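Participant: Spelled out, the chains give:
Number of protein chains: 2
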Amino acid sequence: MIGNAWLPDGSRHGIEIRDGRVAALRPPTASEPGVFLMPPLVDGHIHLDKTLLGLPWVPNQAAGNTVADRIEAERKVRAARSVSETETGANLVKQVVASGTLHMRSHVDIDNQLGLKNLQAVLAIRERFRDLVTIQIVAFPQSGVVRSPGTARLLDEAIGQGADLVGGLDPVGIDRDLDGHLDAIFGVAERRGVGIDIHLHDGGDGGIAEMRAIAERTRAAGLAGKVAISHAFALGSVPTETAARTADLLAEAGIAIMSHGPGAATMPPLPLLRAHGVEVFGGSDNIRDAWSPFGNGDMLERAMLIGYRANFRHDHELALAFEMVTEAAARVLGLADYGIRLGGAADFVAVEAETLAEAVAARPRRKWVMKGGRIVARDGVLTPP
Amino acid sequence: MIGNAWLPDGSRHGIEIRDGRVAALRPPTASEPGVFLMPPLVDGHIHLDKTLLGLPWVPNQAAGNTVADRIEAERKVRAARSVSETETGANLVKQVVASGTLHMRSHVDIDNQLGLKNLQAVLAIRERFRDLVTIQIVAFPQSGVVRSPGTARLLDEAIGQGADLVGGLDPVGIDRDLDGHLDAIFGVAERRGVGIDIHLHDGGDGGIAEMRAIAERTRAAGLAGKVAISHAFALGSVPTETAARTADLLAEAGIAIMSHGPGAATMPPLPLLRAHGVEVFGGSDNIRDAWSPFGNGDMLERAMLIGYRANFRHDHELALAFEMVTEAAARVLGLADYGIRLGGAADFVAVEAETLAEAVAARPRRKWVMKGGRIVARDGVLTPP
Chain L
1 MIGNAWLPDG SRHGIEIRDG RVAALRPPTA SEPGVFLMPP LVDGHIHLDK TLLGLPWVPN
61 QAAGNTVADR IEAERKVRAA RSVSETETGA NLVKQVVASG TLHMRSHVDI DNQLGLKNLQ
121 AVLAIRERFR DLVTIQIVAF PQSGVVRSPG TARLLDEAIG QGADLVGGLD PVGIDRDLDG
181 HLDAIFGVAE RRGVGIDIHL HDGGDGGIAE MRAIAERTRA AGLAGKVAIS HAFALGSVPT
241 ETAARTADLL AEAGIAIMSH GPGAATMPPL PLLRAHGVEV FGGSDNIRDA WSPFGNGDML
301 ERAMLIGYRA NFRHDHELAL AFEMVTEAAA RVLGLADYGI RLGGAADFVA VEAETLAEAV
361 AARPRRKWVM KGGRIVARDG VLTPP
Chain Z
1 MIGNAWLPDG SRHGIEIRDG RVAALRPPTA SEPGVFLMPP LVDGHIHLDK TLLGLPWVPN
61 QAAGNTVADR IEAERKVRAA RSVSETETGA NLVKQVVASG TLHMRSHVDI DNQLGLKNLQ
121 AVLAIRERFR DLVTIQIVAF PQSGVVRSPG TARLLDEAIG QGADLVGGLD PVGIDRDLDG
181 HLDAIFGVAE RRGVGIDIHL HDGGDGGIAE MRAIAERTRA AGLAGKVAIS HAFALGSVPT
241 ETAARTADLL AEAGIAIMSH GPGAATMPPL PLLRAHGVEV FGGSDNIRDA WSPFGNGDML
301 ERAMLIGYRA NFRHDHELAL AFEMVTEAAA RVLGLADYGI RLGGAADFVA VEAETLAEAV
361 AARPRRKWVM KGGRIVARDG VLTPP
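Taken in order, these protein sequences are the chains called L and Z. Numbered according to our numbering, the first sequence spans residues 1 to 385. Numbered according to our numbering, the second sequence spans residues 1 to 385.
Be a bit skeptical, because a hint or two may be false.
Which copy is meant is left open, so a pair is good if it fits within one copy or across any two.
Below 20 Å or equal to it, Euclidean Cα-Cα: the simulated SDA-like pairs (lysine to any residue) are [to be verified]:
1) 94 with 317
2) 226 with 254
3) 367 with 128
4) 371 with 56
5) 76 with 213
6) 367 with 380
Don't read these hints as lab results, they were simulated from the structure. The model shown is predicted, which means the values in this text are computed figures rather than measured ones.
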């Protein structure tokens, strides 16, 4: 029983919990101190196999500022790492669960050097933490598909071994072959009956043209609601009318857009996308890895960064940022049992805040995290099972 | 005695403290656990009179997205506030000292409605916390000078009452009178023999033209090293050659540039400015006030935001972000007794980090903050005097 909780919608309740579920919502017990309860945070884009969390500090080694430079630098870091991906990824899972994330979509690097090694690592992490957190896996061709021969078959095999979606990466910017790239990944998706989540950093009109091609193929393959484009920087670097027209195509095709609130790249225009019916959701992206020194997996902080970059200031805007790291991400991940409601799982994150807007702006300490009626973390630290 | 400290430059020492100063640097005592020590954080741009910290959550009320809209909205919030600026400002000082900031430059709103009321509040705060923190005060014409008749005289009076510098605000964007605005504030500066710190949000070529005018007047008035331009968004929205030419003028005139790593506005090109000899420094700007719901005054987090927005990833870039919130800000504020050195004040911030880059990227908890040899905060909470 949680005697006196207030929820993001402003309502106040006592919450009775039985068998890990919300058995009843009662009037609050005013004598108990109130606590602000949020649904679990959802990370729509994380890289569990890339983080270096738990290793001594690794300076960034990219020679230049392009995606290709960073792919190259990561190969060196990967070869030199002294702690396995299974261990660093587990460090990250513990950290994010303690911050209130109970569901995530992790991309996992697959290429013709790595093979399915990182997939094995993340499958092991998923198994180890299955009682704590839902991990959806995207088979991600970090080195490209066309320019890394053999990768298409590996992606297909990855699905067979337990990956949930097939990924993609800048069909033009990296593979320089729009159709070759899309043929490969849509081929896997159709053969295996899975969704797609494509990293698209390519900017400007080129990036927009790639989105149009992805939308067309999504419609043709009947994959509405199962395709996401991550980053989609291009939507923030073209005139508003172009962004609006593209938004209509994305909405019709049932494609969602993931933003992590990039530091320097252009932000997709989130309110415009929503107004045109496009689902937008949030993710951490890189967390202390060969790509970025920043990030910690705290999705409330991520909501703040998304809001900060999107110039959000009003409460309804902060509410959109919050939705991106909770309900919207849950919809994209297809989570059936999500949200605070009668009969739902007793999954909550308790913080000190008066309102939803304050929770996003101030990112208060997580007092405790509850999963299925059990406290799994207190004050940012996992509790023993 | 701090037995085993490592410093931002990577060196390790035992630090002997006597009479509040560093009396000796000795070889470290390896048997003691090591601690990473930073010099105090310096906030080069804060608004102690604007924060609403300690009030119930106040939703943002700006009707639009311009500086003028936000000035208008702040007037309403100000009229409705139930807790005095003296109290909310004190809340903020306590919070930032606990996060390791021991020196700051606070702008204080002055206009013909407010008069010197907010100045009185911040002077009272400065007096109250004089043993903890250095507060430099800028008499800031938040409503403009020309369009708020009587403000020029108030700015002058403010210096007489204890403000340290005169401020300015978008001479063209707000006052629509470049010369009128600059005549007034340079007039006060020359009469009173004080420096200037001008908020300049105006973007594009217009903003650049204003910077050129400010540089010219700074040279003419012999104010090199005493003038700062805060924000300077324009430098990030013009071609690189224009930014470089402007940087040369700023460097020659001895004008420093403050950036808080704005969320949506363009970033001044920090490495370019440094390469051209311009001093760049950091500040919090708005902290939970009528302008922005975000911000918490943590200058390590601010260094992260600056680095994130500037696309910094390498250790030397993170070191520049760190310098902006420590040594560089200290130089701009003219702090005589700053930095970790033999004979210097025993002012330190202790964190868990291996390197300077990690401290910026991860923004670890402040284990303790020392001022003049005394621990003034532990784990983010002030200790009783």
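Participant: Please list, smallest to largest, the hint numbers that this structure does not respect.
Facilitator: 1, 3, 4 and 5
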